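Using the sequences and the accompanying hints, generate a full structural model.
Chains A and B supply the protein sequences, listed in that same order. FYI, in my numbering the residues of the first sequence are 22 to 540. FYI, in my numbering the residues of the second sequence are 48 to 397.
Derived by calculation from the structure, the hints in this document are not laboratory data. Source: prediction; values computed, not measured. A couple of the hints might just be wrong.
Dumping the calculated EDC-like pairs for lysine to aspartate or glutamate here, alpha-carbon to alpha-carbon at most 16 angstroms [stated by the list, open to error]:
#  : chain 1 : residue 1 : chain 2 : residue 2
1  : B       : 243       : B       : 395
2  : A       : 73        : B       : 394
3  : B       : 325       : B       : 104
4  : B       : 362       : B       : 298
5  : B       : 153       : A       : 242
6  : B       : 255       : A       : 146
7  : B       : 243       : B       : 386
8  : B       : 325       : B       : 102
9  : B       : 324       : B       : 104
10 : B       : 380       : B       : 239
11 : B       : 253       : B       : 394
12 : A       : 73        : B       : 395
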Amino acid sequence: MTLMAQHGSKPMLRWVLLVIVLGIAASPALPLVVLTLGQEPTRSLWTDAFSKSTGSTLYLGAGVSVFSLVIGLPLGLLAALYRFPARRPLILFQALPLLLPSFLLCIGWSNLAAAKWLWWLPTPDGLAGCVFVLGLQMMPLPFFATWAAGHNLTASQIDSVRLHGGERSVLTFSARACAPVAILAALLGGILSLSDTGAPLIFGYRSAAVEIRTSFSALFDYELAGRQCLLLAGLALLLIAPVLFVGLRLLAAAVLARQTRPAMPYPHRALSWVAPGGLLLVLIVGVVVPTLGLCWPAAENPMIERAATKVTATAGTTLIFTGGAAVIAVLFATLIALATSASARGRLFVLAVLLLLLAMPPALAAIGVSRIATGAPPQLDWLMRSRLTVALILGLRFLPVATVAMMFATCGLSPSWRDAARIHGVSRVRMFVRVTLPYLSFAIVVSLLLVMVLAATDITTTHLLQPPGDQSLPVAIFTVMANSPEGLVASLCLLYLLCVVLLLAAASQLPRLWSRRSA
Amino acid sequence: MKRHLLTLYLAAELIAVGVLGCSSPSSPSSSGANNLVVYTSVDEVFAEPIGKTFEQETGIRVQLVPDTEETKSTGLLNRLIAEKGRPRADVFWSGDPVRAAILKSKGVSTAYPSAAAEGLPREFSDAEHHWISFSARARVLIYNKDLVSENQKPTSIRDLADPRFKGKACIANPLFGTTSMHASALFQSLGDDDAKKFFQSLVENKVKILSSNGEVRRRVANGEFAIGLTDTDDVNVAIEEGKPVGFVYPDADQMGTLMIPNAAVLIAGGPNGENGKKFIDYLLRPETEAALARSEAAQMPLRSEVELPAGFPFKSVSQLRTMSVDYGTLAEKLEEISDSFLKPWVDENQ
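This is the structure we're talking about:
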């Protein structure tokens, strides 16, 4: 019997809610999917080129997942378990690679490799180059997932393991406990990289995303592009389904039996230096080095004033698009997480659907929405052709990321709390406002930030849907980088990075403010 | 206190949703007597100043939607096709006539025989006035002066296949952008067999296929490649940045250099059609051609009487031997060869 049944809630109502939310999440991609399935194909789908590129894409996704996991899991563990200097900023700034579109990172590396005095630097190229850049970019996902999971390990668990087997046992035990959620996050990263065209185009790697782009943009064959998207998404889902199934079960087991006293960071002599060293190294390799490559033209020809004008003109729109997307994603994700909190099968089903949607290239949904909007009456333009549309589609695209974070948080909700509330006659609404929401608030803030960050880097959706006159900063950078002086592009990138660093610095003060006010 | 913080946070969420919900479609004013929406595949840095001066002179507010490097010439085109039933754009300012011709074939554009086109050579424009060409770029060979001496510099696009540049030459992906137009022009000019042989010779000489013309410029300027095929505006950016590059008008004494004129397209059923016509008239004026010549794009005026600015790095169109192509049918040819030749060629060789 499921927990849901045990506690007398209404499973049917929850399933209806889930179907509605998933229906909304799938709606942007539906028009092209329906078009795809309803038409007689004019071109062959399974060509040699597409089969090869599909294989390449799966290698790429797997490579990115494994690479990000191999770096993210141990660093996340060290960050969660040990006390070390500059701990908070170092952890927070691990989010930086996610904030830069892969296209910029690749150009940064490419510029560096071309510098004569850096002749010894290996040029990133092909599959290895893509995995290296995208793996480092996606590393924050398993890192933060592990860090959050490590936080949920109890003091008694850690203390007893430490007493029994020392630091090595602590690390082994923690790695086992955090692995399911880290694997899940790394898989998300791998899936996100499937639709990335920037790195494969620059490093000369033929991925399926490049094939789909060709179908869209060179052959103007939406039907072919739609079928390619569906095939790729289905294949990815098929391959990750076993991992997802096992991962979710382990995840549920890992987080359901939880106590309220978390383990405190431990001041270990050696590991307290290994941790910041590792975090710093990843930051330098993943962000600082490619950023130097990208931005050094600014030193030769600074155009900060011209770039600042652009940043000022686009800052509001960027905040509206990304902030709106974050609010929408987190609202839906909270609903989904609460509706599936007591059902492992429900979680599995929801994640499967959401990952299928995530694996689809963003252009599919964006073009689909454009088509619906064109056929819709003008009275619906506030929904279909506005800033809200951009925020909504971005929010729905990154709903899986927010959902995983919120599911993880809701797994810790104890059924006994609800029982106690019922016995004392506390209404569901009051229970939600007084207990559930405060408990989830940290996860909500983290999810909001994460979705904001990811939404900012989704150039395709924003570019294809932004209303005339509204331009976000990342789209502006991409727009000017073709033929603008390198100094301008570099100055824009520098200012963008500065904004991001300021945002992260402000976010780092949030927990401190939170705890001070709570005291 | 924590509860208050949470209430504040929830309120902020509601306000965010409220702000988004209340935001009127397409920024309140994309339709109205004083507004105009222009989609453009021309680089924003070049298009924006023209939009601004139009705004100042006419009082009509221009909302410019530029394309990005990642989706250059194709992202907006898809958007225009998807929006065909109820367009948001009034004008498409295309960086090349092929995309304009595709819009015509998809029924997105409408004819506008502008009187302002007086003096512009007709061979660059659509006979049915769906698109009218003005200021042009040229397809040129860019070379790195540190790697290629003056007497070794290329003179023809066939030099991309010359053994002296084996493994040192690059082109952009011929499925996209102006390189696709160039491919189509080569098939039209050389004939299918010779064009295929030319592409095969590129493979044998290990010519690298890069993602965009911008990347060709960047990597030749960096010294990763000795020569490449790109557009004059890219070359001008590299020259202005002081990179060690030179350029050559290819085949100046044979089949000629391919010109890529801008094309102004009036969108059928656009929300501000009359303003769209005024903007097209503005684009086609000799003054706009002169302004584009002075811009960082250093575009070449199609009218021979437009004076070139001092220090203009390129020749005027009339001084060049231009490649003889039928611009009206390039799009059809491109559609034909994209499927039958270019796609498999790129698949095999990238």
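So, going through the hints one by one against the coordinates:
no.: 1; hint: B:243 with B:395; verdict: holds (14 angstroms)
no.: 2; hint: A:73 with B:394; verdict: holds (10 angstroms)
no.: 3; hint: B:325 with B:104; verdict: holds (11 angstroms)
no.: 4; hint: B:362 with B:298; verdict: holds (15 angstroms)
no.: 5; hint: B:153 with A:242; verdict: holds (13 angstroms)
no.: 6; hint: B:255 with A:146; verdict: holds (13 angstroms)
no.: 7; hint: B:243 with B:386; verdict: holds (14 angstroms)
no.: 8; hint: B:325 with B:102; verdict: holds (11 angstroms)
no.: 9; hint: B:324 with B:104; verdict: holds (15 angstroms)
no.: 10; hint: B:380 with B:239; verdict: holds (10 angstroms)
no.: 11; hint: B:253 with B:394; verdict: holds (15 angstroms)
no.: 12; hint: A:73 with B:395; verdict: holds (11 angstroms)
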